[in-house]
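Chains D and H, in that order, give the protein sequences. All residue numbers for the first sequence refer to this note's numbering, where the first residue is 1 and numbers rise by one. All residue numbers for the second sequence refer to this note's numbering, where the first residue is 438 and numbers rise by one.
None of these hints come from the bench; they were simulated from the model. Treat each hint with caution, since some may be false.
Listed below are several chain D residues computed to face chain H (Cβ distance under 7 Å; list not exhaustive) [to be verified]:
#, residue
1, M7
2, R11
3, A42
4, C46
5, R102
6, Y104
7, M259
8, P260
9, G364
10, K367
Don't be surprised by glycine CBs; every beta carbon is placed ideally from N, CA and C.
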Amino acid sequence: MNAMDTMEKLRILTDAAKYDVACTSSGVDRMGTRGQLGSAAAAGICHSFASDGRCISLLKVLMSNACTYDCSYCLNRRTNETERATFRPRELADLTIQFYRRNYIEGLFLSSAVVGTPDYTCELMLSVLHILRREYRFGGYIHVKAIPGADERLIRELGLLADRMSVNIELPSNESLKRLAPQKTKESILAPMTQIRNSIMENKSELVQYRHAPQFVPGGQSTQMIIGATPETDRSILRLTEGLYKKYALKRVFYSAYMPLVEDRNLPALDTAPPLLREHRLYQADWLLRFYGFTAEEILDDAHPDFNPLLDPKCNWAVNHPEVFPVEVNRAPYELLLRVPGIGVTSARRILRARRETKLDFDGLKKLGVVLKRASYFITCQGKMNCRIKTDDPAVLMGILRDRGLPQGGFQPEMPEQLSLFQPTREDGVKCLTGQL
Amino acid sequence: MSDRSTVVYYYDGSYDGFLCCVFESFSEKEQPAAIYDMYAADQLSLFGAKMIETTPALALRVRDSIPNKMGLEAQDLLEKAFLTCLRDKELCMLRFMRLGYKVGRGICSRMTEPAVDTLLKAVKHLEREAHLYLGFVRFSECGGVLISEIEPKNNVLPVIAPHFLNRFSGEDFMIFDRTNKVALMYKDGEHVFVHADRIELPPESPEEKEYRAMWRTFYDTIGIEGRRNESCRRTHMPKRYWRQMTEVKHLI
Ligand code: SF4
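Just chain D, same shape as in the assembly (with noise of 0.2 Å):
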């Protein structure tokens, strides 16, 4: 066989690797190095936005997608018809570097199949990453996915070249997983997850020691998970993600609608959509559980399992729990405005500072950039009420309130956090882009 030309590879690995969510390179802030290559913002650059309006920071590509497992709702897997490649490591490294220097990318995220085994599809990634950084000095954005089941020795020097790793969960439960991915076990993946967490908490003690020992992972770990090939409630999801935040201290954790692409009797069958709708309420709830303050429970409970298709997760608190509204914005403490519809974490803080030197009114609320439309129901300026009807029946509520499902943009899982936090609240449709509720 000839040896394939790099674009040939670059098409094949790029389509292997589209399925991956997480594409942000937000999270780590590093200064160039005078005469050297790159840089990182912490706050996240998109450089493009694909046909299908996500976000492109990082050249997304697989090592290769030559696979020995056979997870079942995979391409990738080894009995499926398709083509297969393989990246020479310096190959992706000059293509890296070439798309790096015309500001086509922010950096590489680089992921694998299994080719031969963990430990061998690592140290092809690990060439990657030490022709990079060692020989090229290159200074840009790496996140790079661990492979479950390899040695960590080799996990360990990979988290030392790149600046985010991240594990597959794959799928919301352990049985799942069984039913679908025979080769990976709930422990495989959760092996690595571990080690990352405690390489990265040694290595904050190490760095109060030494200033200058090398970083491990300085942007975190995040993990994705798809949804919809199984059946886990929306609650149990949620639940999930909350400790994964809490025992792995994730940096984010990423959704992925099932988009089927294989016949499987284990699986939807070809012509179910991908549930956009529910993807976009789980990232509003992860939202909501990442700067809101909320708890799993607060926002689903035994009673409700699943989110409600008419209203978004925070609407949805607020028309329940009529007791804690309307809340002075005059007065009311910024955990309490963070829980009223149409006022997000922007404009909080701007409340906040803007009412130690005036009064406000609603006028002044809107320059703030508050969504009235949304929260006149539930706050009062000055003791005044400002909304067409009065009421806190749930019922009404979430007739006035129910969004037309899916925002007209779209959700971006991707964009940038930093930026995203002071997005205006401009028009509804706007302000959904950004998770802002």
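Please build the complex by placing chain H with the ligand on the supplied structure of chain D, with the hints as guidance.
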């Protein structure tokens, strides 16, 4: 203060020049009806026109008074506001400063005051555009130099320059802003801003063509067909940026 709203200031378009307009307005106790950059103004009306000369010493006095009276945040806001495409930005900035001298350091917390709100919104617009350009700038290699063109609404180049100088410190590069006719040039570790009406580029090398083709392949492949979403793509990457972007310019 006499409200002789017929007087119009013309200045040289520099920030110092603007500060001298501020000085003039305060010392003459007058409120100009407009403040124009004499090089950018469509027409010079001589009726009621005042040519404000840029005097570094006066500019410095006003410059120093800003952080002293209104704080560093206000200083930063004003310097950025000067880069925005806000209509009548000079008048808006003057209005902000009048309020600032009056209320002092709390000025930037008065986000509900129209004078403050206007500048904040304009600067946010500038910063958003600048942030987008950090990602949307596309370099082509021409004879060892990386060259890029942009067409922003605001004068973003001074805002994005530090990022590129830092990231590409080992390269020689140039970013040309077509709208404001300024270029940032960086060669052998030194950078300058220069005025230029246009740039002419040599034809691209075969190697350059190859990388562009590979980038387009990557771009065309990474989107998931089953999730195609045009409006989302355009919301985040408005069409007006596409002209300079290798991967989408053929789609316009
Ligand atoms: S190990 Fe990964 S690449 Fe291989 S079949 Fe399973 S999911 Fe696909």
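Do the hints match the structure? See the list:
no.: 1; hint: M7; in the structure: holds (6 Å)
no.: 2; hint: R11; in the structure: holds (5 Å)
no.: 3; hint: A42; in the structure: violated (12 Å)
no.: 4; hint: C46; in the structure: holds (5 Å)
no.: 5; hint: R102; in the structure: holds (5 Å)
no.: 6; hint: Y104; in the structure: holds (5 Å)
no.: 7; hint: M259; in the structure: holds (5 Å)
no.: 8; hint: P260; in the structure: violated (9 Å)
no.: 9; hint: G364; in the structure: holds (4 Å)
no.: 10; hint: K367; in the structure: holds (5 Å)
The earlier numbered hints that this structure contradicts are 3, 8.
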